[in-house]
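**Q** So the sequence shown is numbered by UniProt numbering: it starts at 1 and just counts up by one.
No wet-lab data here; the hints were simulated from the structure.
Think of the CB as a built atom: it goes at the ideal place given N, C-alpha and C, for glycine as much as any other residue.
Just so you know, not all the hints are guaranteed correct.
Computed Cβ-Cβ distance ranges for the label pairs, DEER-style [as the list claims (entries may be wrong)]:
1) D55 / K5: 26 to 32 Å
2) P42 / Q3: 17 to 23 Å
3) S16 / R49: 18 to 24 Å
4) D55 / R18: 17 to 23 Å
5) A21 / D55: 25 to 31 Å
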Amino acid sequence: NPQSKVVVTDAYAVPSLRNAAIGDRFQFERLGYFVVDKDSSPGKLVFNRTVTLRDSYSKGGK
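Work out the full structure, taking the sequences as your base and the hints as a guide.
**A** As structure tokens, this is what we get:
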């Protein structure tokens, strides 16, 4: 799947994510659920999407 890896290098997040530990789980609004990857470092967090949210709004609620 060519879309299985998406790297976002200039993302913004709430300051509290700075304290995220490997394995912590978060919901990013309208995107899905993510878990902190083992390749994360204090200056560079890596999140893996575990569940995608359905985008019914852009499809007219269907």
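**Q** Work down the list of hints and note, for each, if the structure agrees.
**A** Results of checking the hints against the structure:
{"no.": "1", "hint": "D55 / K5: 26 to 32 Å", "verdict": "violated, 20 Å"}
{"no.": "2", "hint": "P42 / Q3: 17 to 23 Å", "verdict": "violated, 29 Å"}
{"no.": "3", "hint": "S16 / R49: 18 to 24 Å", "verdict": "holds, 20 Å"}
{"no.": "4", "hint": "D55 / R18: 17 to 23 Å", "verdict": "violated, 29 Å"}
{"no.": "5", "hint": "A21 / D55: 25 to 31 Å", "verdict": "holds, 29 Å"}
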